[in-house]
Structure formats: structure tokens, C-alpha cells
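**Student:** Please model the complete structure; the sequences and the hints are all you need to start from.
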Amino acid sequence: MDTGRVIKEIEKISVKTDCIHILPGVEYECSVSAENIRDFASVLYKNNYMLLYLTAIHLEPYPAVVYQFVWPETKFRIRAVVFCGENKTVPTISDIYNGANWYEREVMEFFGIDFDGLEDKRTLILDESDKGLYPLLKKEGKALDAEATGFKTN
Amino acid sequence: MTFKNETESENLEKSGQHKFLLNMGPQHPSTHGVLRLVLEMDGEYVTGIDPVIGYGHRMHEKIAEVRPAQSFLPNTARMDYVCALPYNHGYVSLLEQMTGIEVPERAEYIRVITVELNRLASHLLWLGTFLLDLGAFTPILYCFDDREQILDILESVTGSRLTYSFHRVGGVYKDIDDNFIEKSRAFIKRLEKRFSVYDKLVTGNIIFRKRTEGVGIVTSDIARRYGITGPNLRGSGISYDVRKAFPYSIYSKFDFEVPVGKNGDCLDRYYVRINEMKQSLRILSQALDMIPEGDIRAKVPKKLKIPKGQSSFSVEAARGELCYYMVSDGTDVPYRLKARVPSYGNLSALAEICEGMLLADLVAVMGSFDLVIPEIDR
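These protein sequence lines are chains A and B, in that order. Residue numbering for the first sequence is 37 to 190, as defined by the numbering used here. Residue numbering for the second sequence is 5 to 382, as defined by the numbering used here.
I should point out that these hints are in silico values taken from the structure, not numbers from a laboratory. Built from N, CA and C at the ideal position, the CB exists for glycine as well. Incorrect hints may appear among the rest.
To be clear about the criterion: a stretch of chain B counts as covered by chain A if any three or more of its residues have a C-beta under 8 Å from a C-beta of chain A, and this derived list gives those stretches [claimed, not checked]:
| # | region |
| --- | --- |
| 1 | 237 to 244 |
| 2 | 303 to 314 |
| 3 | 335 to 348 |
DEER-style ranges, computed between Cβ atoms [to be verified]:
| # | chain 1 | residue 1 | chain 2 | residue 2 | range |
| --- | --- | --- | --- | --- | --- |
| 4 | B | Leu16 | A | Glu176 | 55 to 61 Å |
| 5 | A | Leu169 | B | Asp225 | 34 to 40 Å |
| 6 | B | Asp181 | A | Glu155 | 54 to 60 Å |
**Tutor:** Rendered as C-alpha cells:
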């Protein structure tokens with residue numbers, strides 16, 4: 037399969053922010069809006085990509101969710117960044133990539149980001165009584181904005 | 005034998021009482037750590053699995069945010085205590101990639117040698133415990149005998165036996181001497197001979213075949229949906245090894261193959277790991293032959309400022325792809341560090357793979373998955 041075709045498909049629903057050549061592969065970075073992340077994941081799933089992980093970063097004013105995809109048979113990695121809106125909600129991709137379920141639950145309990153459409157919303161790593169603790173959020177006033185951490189917002 | 009039992013079981017089925025919940029763990033020998041599985045049972049068959057994790061949670065990712073990046077190094081080894089050196093390697097490589105520090109070639113060779121030795125130790129431990137889970141008591145004694153040799157070799161240079169903190173930003177902590185090389189060469193010879201012992205002891209064993217053949221099949225689609233990596237993925241026929249796909253460090257210099265399976269069952273995962281051990285030996289003997297003289301550590305400032313930005317680095321740990329992802333705000337303390345650990349994705353697929361199988365087969369599948377729970381909990 038051709039990586040160029042995949043890039044053409046995802047360029048319609050995402051904005052390319054960076055493209056780093058790592059030896060001997062390529063790491064392609066793009067920014068996706070929350071509405072498009074489900075379509076984005078579907079395109080990559082159809083093209084045999086694998087979800088490596090997803091995680092979040094506490095940024096001001098709203099946190100960002102980072103998705104890392106890799107296509108096992110090529111040297112191509114895609115990192116997608118979704119900046120959450122005011123309601124701190126991102127649509128789930130756990131029905132496309134089932135493995136995302138655990139990662140989303142982890143992000144939910146560590147960062148307080150809600151995943152719209154996620155069926156299983158129990159805590160995964162923390163105890164049920166620690167709900168609302170959000171340990172990976174920065175202390176008040178310590179969180180930086182996207183520019184200060186090197187993210188390109190457009 | 006009377007038919008009393010049969011009618012009783014029929015009665016149970018009619019009243020719906022043949023279904024029950026079974027608690028496996030957190031203290032159970034075949035979960036290899038503090039993992040709890042809540043199993044929905046239908047007689048002897050498992051109809052639903054709900055893994056409960058987090059018993060060994062230490063919040064390494066938060067610890068990384070409150071101290072200088074170099075001070076986090078000992079923590080990386082404590083995620084996966086069975087195969088700690090790839091965790092060292094990935095972390096220092098990430099910092100080197102972000103700060104642009106060049107590593108002396110000899111140091112990279114030492115890193116690869118120690119990492120491959122550690123991978124062998126991890127696979128040997130897996131082989132013993134996997135077979136122990138299946139009820140074979142003998143092989144673990146042989147495996148631990150071999151593994152002990154590696155631990156001794158590694159102890160002589162790293163100073164510890166399990167939670168190594170040996171790699172440093174810009175190089176390694178200590179140089180290896182002729183004694184180390186000699187002992188490693190002797191070990192390679194020894195282990196090469198041992199494979200035939202394992203082969204005679206295990207591979208042809210009828211009980212072993214019956215317990216593993218066609219059990220716990222991981223299709224490539226399941227692997228992709230759950231992010232299964234490492235030997236578990238390669239058992240399904242997908243040849244994805246970070247050492248080959250994204251040759252980091254000096255892996256491109258070595259001649260080695262990536263063993264793959266065909267059916268993705270427990271037996272294929274067994275074959276893949278055994279063949280991987282042989283490939284590790286190949287890498288080891290090449291590295292020991294090719295190792296150049298020179299420095300083992302580049303000059304690195306004590307206060308290591310990481311340039312603003314984000315970066316990720318992947319290495320092949322014994323269980324699959326280990327990926328560190330760091331966001332930095334320009335100071336020496338990372339803003340965010342994410343460790344993507346291989347067992348996490350592997351375990352999350354267990355529920356789908358094992359649905360509808362016998363309880364005993366579940367133990368076989370978990371053994372073949374080579375889970376290390378502290379790595380999942382982090």
C-alpha cells in the first residue's frame with residue numbers, strides 16, 4: 037500500500053503541522069479537530085494502521101489529546117493532536133480501535149477529559165474512590181499554553 | 005456412577021445458576037504479578053473477562069514531571085523489572101534525540117550487548133514460567149540455570165541483578181572488560197547447545213502440543229485493533245520489529261532476522277520467542293566481534309536543558325514496542341512524559357481472545373502473552 041494515498045486521504049480532514057525524518061522512517065504530525073478524529077481513525081484503520089497509544093497533555097486553556105499510529109509494515113508513523121474545546125470532550129474511537137478503550141479510560145481518570153460515546157467509564161488504574169483526583173493535571177497556574185511547549189496550533 | 009449429578013447440573017442450568025463469577029487473582033501464581041481477573045463462568049468455560057489492574061500503580065509519569073530528566077533514569081528500570089535495560093535504552097535515546105547529544109560508538113555497542121543479554125534473560129524466564137503454568141515443572145530449572153549465567157554477567161558490569169540503571173545520557177556507566185567479553189562468548193556457546201535440550205524437552209511433548217496448538221489465536225485484525233506488539237504480534241505473521249522497522253542505535257549494522265509465526269496461537273508465540281533468542285545470540289556474537297575501542301561516554305552537562313518541543317522514541321523491549329513520548333518546555337524538567345508499555349496493549353486484548361475458552365486454556369494464553377504487570381500499572 038502507498039503512504040502517499042493515505043496522506044492524501046487524511047489531509048482532507050487534518051492539518052499537517054510537522055514532518056520529521058527519523059532514520060530511516062518518517063514521523064508525520066498533524067492537528068485534527070475533535071469532530072474529525074473519528075473519520076481520521078477510520079481512514080487509518082482501513083489502511084491497516086495500528087493505534088500505538090493515546091495520551092493527553094495538560095495545556096492552557098484546554099488540554100490536548102495525542103494519538104500515535106503506526107503501520108506495522110512500513111516505516112511511517114502518524115501523530116495526531118486534538119485540542120479539546122471548552123467542554124473538554126473528545127469523541128471516542130474505542131469502537132474503531134478497541135484498544136483505545138483502556139487508553140481513554142486512563143486519560144479520563146488522569147486528566148478529566150471526557151470521551152463522548154465511551155460505554156465503559158469505570159476507573160481503570162486508580163481506585164473508584166479516587167475519581168475526580170486527576171493526578172496528571174498541573175497545579176493551578178503551572179500549566180503552559182500550546183506555544184510554550186512547542187506545539188504548532190495550525 | 006449415578007445420574008444424580010447430571011440431573012443436578014440440568015437443574016442448575018434451568019434455574020440459571022450454572023453461571024457464576026470467578027475471581028482470579030490478585031494473588032495467583034499464573035497472573036505473574038498482582039493482576040486480578042474477574043471471570044464470568046459458564047461451568048468450565050469462560051464467557052467474560054474483566055481485568056482489574058492498578059495494584060502496583062506508582063505514577064511514574066508524574067514522578068517524571070517533578071525532577072530533572074536525568075534523575076528519572078532509575079524509575080524506567082522499575083516499570084518492567086524482568087527486562088529493564090531496553091527501558092534504560094529507550095529513555096536515554098529519547099533524551100539524546102531531543103538534546104542532540106552524540107553517543108560514542110563503543111557505548112552504543114555496549115548498550116546493544118547488554119540489552120540483548122537482558123532480552124535473553126527475559127525470554128528464558130518466560131519460557132520457564134510459561135511451561136510451569138502448563139504444568140511442566142522441569143524446564144524452569146534449566147531456564148533459571150541459564151538465566152542465572154546472564155544475571156551474573158550483567159551484574160559484573162552493571163552492579164545490579166534486576167533493576168538496572170546502567171545506560172546514561174551520552175553513553176553508559178561503565179566500560180566492559182575482556183573478562184566480560186570472554187564470559188559472554190562462553191555463554192553464547194552454552195546457550196546454543198541448550199536449544200536442542202529445550203527442543204527435546206518441550207517442543208515434541210504431546211501434552212504441550214495439545215495445550216498450545218490452536219489455542220488463543222490472535223488474528224492480525226485483533227492485533228491491529230488492540231495495538232498488540234512484540235512476539236505476540238509476530239506470532240500472527242506480521243513482521244514488525246522496531247529493531248528492523250526503525251533501526252535505532254546500531255541495529256542496522258547487524259545481520260539478523262525477524263522470526264514470524266503463521267497461525268497466531270500459543271505454539272507460534274512459543275516458536276517466535278525461541279527463534280528470537282537464537283537471533284539475539286546472533287546479534288550478540290556479531291556485536292562482541294565488532295566492538296571498537298574508544299570512549300564510553302560523551303560530555304554531558306550536569307544540568308541537561310531539553311529544547312522546547314515534543315519527541316518520541318521507540319525501542320523493542322522483550323514484550324513489544326516501548327515508546328517514550330516527551331513534551332518539553334525548555335527547562336531540564338520534562339513537561340510531560342508518556343511511557344507506552346507493550347504489555348498494556350497486549351493485556352487489553354485478552355478479553356476478546358479468550359472469550360468462550362476453557363479456564364485452563366486461559367492460563368495457557370496468559371502464559372504465552374508474557375505479561376509483566378508492574379509495567380502495565382506503571
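**Student:** None of the hints should be skipped; say for each whether it holds.
**Tutor:** Status of each hint after checking the structure:
no. : hint                              : verdict
1   : 237 to 244                        : holds (count 4)
2   : 303 to 314                        : holds (count 3)
3   : 335 to 348                        : holds (count 5)
4   : Leu16(B) / Glu176(A): 55 to 61 Å  : holds (57 Å)
5   : Leu169(A) / Asp225(B): 34 to 40 Å : holds (36 Å)
6   : Asp181(B) / Glu155(A): 54 to 60 Å : holds (58 Å)
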